[in-house]
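Protein chains in written order, with the numbering used here: chain A, 2 to 408; chain B, 2 to 408.
Just so you know, the hints here were simulated from the structure itself, not pulled from any lab data.
This list has only true hints and no planted wrong ones.
For chains that are exact copies, the list does not tell them apart, and a pair is met inside one copy or across any two.
Below, simulated DMTMM-like cross-link-like pairs (lysine to aspartate or glutamate); rule was C-alpha separation at most 20 Å, straight line: (1) LYS231 to ASP246; (2) LYS231 to GLU250; (3) LYS24 to ASP35; (4) LYS4 to GLU339; (5) LYS4 to GLU388; (6) LYS231 to GLU304; (7) LYS15 to ASP384; (8) LYS24 to ASP384; (9) LYS4 to GLU335; (10) LYS4 to ASP107; (11) LYS4 to GLU49; (12) LYS15 to ASP35.
There are 2 protein chains.
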Amino acid sequence: MPKTDGARVVADLKRLAEFGRYKSGVHRPTYSPDDVASRHWLADRFAEAGLVPAIDGIGNVFGRNERARRHLLVGSHSETQPYGGWLDGALGVIYALEVARAFAADPDCAGLGIDAVAWADEEGHYGQMLGSRSFTGAIGEDELAACKSRDGVPLADALRTAGFADRPRAEVDPARYIGYLEAHIEQGDTLDSTGLRIGIVEAIVGIRNYWVRLVGQQNHAGTTQMARRKDAGVAMVRLATRIHDRFAELAGPRTVWTIGRMILDPNAPSIVPGRAEMQVQFRDTDTGRLAAFDEALLAMVAEADRAGPCACTAEPMARVEPRAMDARFQQAIEAAAERHAPGGHLRMPSGAGHDAQILSHRLRAGMMFIPSLNGVSHHWSEDTREEDIVLGAQVFADAAAAILQAP
Amino acid sequence: MPKTDGARVVADLKRLAEFGRYKSGVHRPTYSPDDVASRHWLADRFAEAGLVPAIDGIGNVFGRNERARRHLLVGSHSETQPYGGWLDGALGVIYALEVARAFAADPDCAGLGIDAVAWADEEGHYGQMLGSRSFTGAIGEDELAACKSRDGVPLADALRTAGFADRPRAEVDPARYIGYLEAHIEQGDTLDSTGLRIGIVEAIVGIRNYWVRLVGQQNHAGTTQMARRKDAGVAMVRLATRIHDRFAELAGPRTVWTIGRMILDPNAPSIVPGRAEMQVQFRDTDTGRLAAFDEALLAMVAEADRAGPCACTAEPMARVEPRAMDARFQQAIEAAAERHAPGGHLRMPSGAGHDAQILSHRLRAGMMFIPSLNGVSHHWSEDTREEDIVLGAQVFADAAAAILQAP
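Taking the hints into account, I'd like the entire structure generated from these sequences.
What follows is the structure, encoded as structure tokens:
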């Protein structure tokens, strides 16, 4: 089995975290100067590991093994959320680099090649998982042309500034790869709270998002009698309460739902709100349960609209279907975990989205988690115990070897 | 009885509305260049009417009758809400001007003096009813020093720019006045929806405001299981729903309550909200009912805090006590209304705050409403039928004369 160097992994992660360091975390939005510099740094590390480096036209960084017969694509994304954590996707990118180095040093891995990759913009600074969707042909030119940052900077301008605009965008060659393997921090506290050290992802959840809008009538909060009000804020809190009650009845053990965004208009203490909006999101790995939630939400919205006095509509937004991870890849990760941490691993869904779900449409895909301290992620205080980082690298390398060595 | 000139009233209102005209309404925030220009214009009109004009150190415009033996202070505020209506307080200021002119032309009013006034900043651009509170000694130097606009401009800077900073602030001389009389549009639709033309204000409502704050724990909306969430948004909508249900049980026929402002933090679709805030307001003329609402709100907040999982607190903000209008002033307005619009008037509370409630602490005070079309106010589309504007001026003048002529 290939032997990983835990100290080298930690050192590389720390060096990568210097690009955009913020407190104990990292601020490295996609295509920012720090992000561009870090991608060139990664390309150089891939080259040092004997891989052929390339950055493509969307910013994906590849390190290809051009000597092997069988290839596994391994990686994650390297940009961060604003003032985000130092591990997150960077962990999976450095694991990919380390696995490539460990394979190169292991005679048993002769002919088996790791292609390492650092995807661009999984975090959605300019669009939805742009790098992996570009690579798998899951995004059209029209959508790319419309992508922009929250500040309104068009993707094309950002790519030009980054120096990536005139490069071709790489496309997956399914014949080249046995599959795709990704490591990431869990981002929840399932592992950390139970003292487990490795998560084997069974499936990545599907996500539904709806904009629910309520339209009443704006009025003076002192002079408008209750009986003739059409208060969109009252309608929103009543509907939101019903949604929380009903979803709790329909939920499976791992279903999650969130009303994370609410807006009153004009949002002034002495004005009866004329408009209200909330974003309702739910996630599950079970397509049937997601459909039941869809149906229940639309029924509650229709009922609120019928009951009045406010008009109520629900607009579905971009949806993500659940994606199962490859069963043999799960077995390989589980066997490797059992070898290095007997009884210290768990099969689990991923509640967060990952590039692996995009890749799973074109390649067999697998995914491994290591613990997040207290479940914190997308925050500069995110962290993982160093022993878990080191253990995860070795388990991940073993799993990659088992997958590539399987007949 | 003094005879008002309806055409002159309408013409003056239209001329005043040119200062800051916006569509069919007016944008004239306190101490803006348009507001300052309009105050100088009003001072000139007061002088033309034979009054001694003066603008004081807070921007109040006075026109004093220095020849009369008995005085009634008459007026309202002249600035507007942002993109507000052309009548609102301006109506009461021009009525005051017209009543002064009508008295001057009527031999029966010899020796009876109207002091006209246009208060500054009733609308709260820099503070709470600054002009009338300054005049009645209801605001301290500390509070004045802390006043600023929503854009952060200190009151002192605004007064300096306006040219009012070095003037003395006028103070009420209770011995000079029989009382204070104010006219205003209703701002609700009680009169308009019932075809009535004059409202006799019995009392101005008291107002309670609370900031209700909920503190949970911010988390990832995909990886945080429902059972361990502390979602401040869920806590807020559940509590808001209970508040609306409970207040409906406690309400009197004219009680109003509003949750006009709600804030989720960080208000992002994929983040479990860690903090939520809402502003809860209620109004009634009955102090006992306001106390019952206070008690119910605090009990619900304490119960939510006890039940968890989010901490919940309520912080009382500036409160306004209900103020009864003088009974004899009400009778005078009612008698005048019955004379000019038999059966076309109504005794009613004011659900909105007015300078009259401030003046009522130092002088007998009375207040008269004319209809608002469809109850619209604080919006540029606010309007009133011209015949109601004309009628209102005459009723108001008759009432003022009756008050001043009473023994």
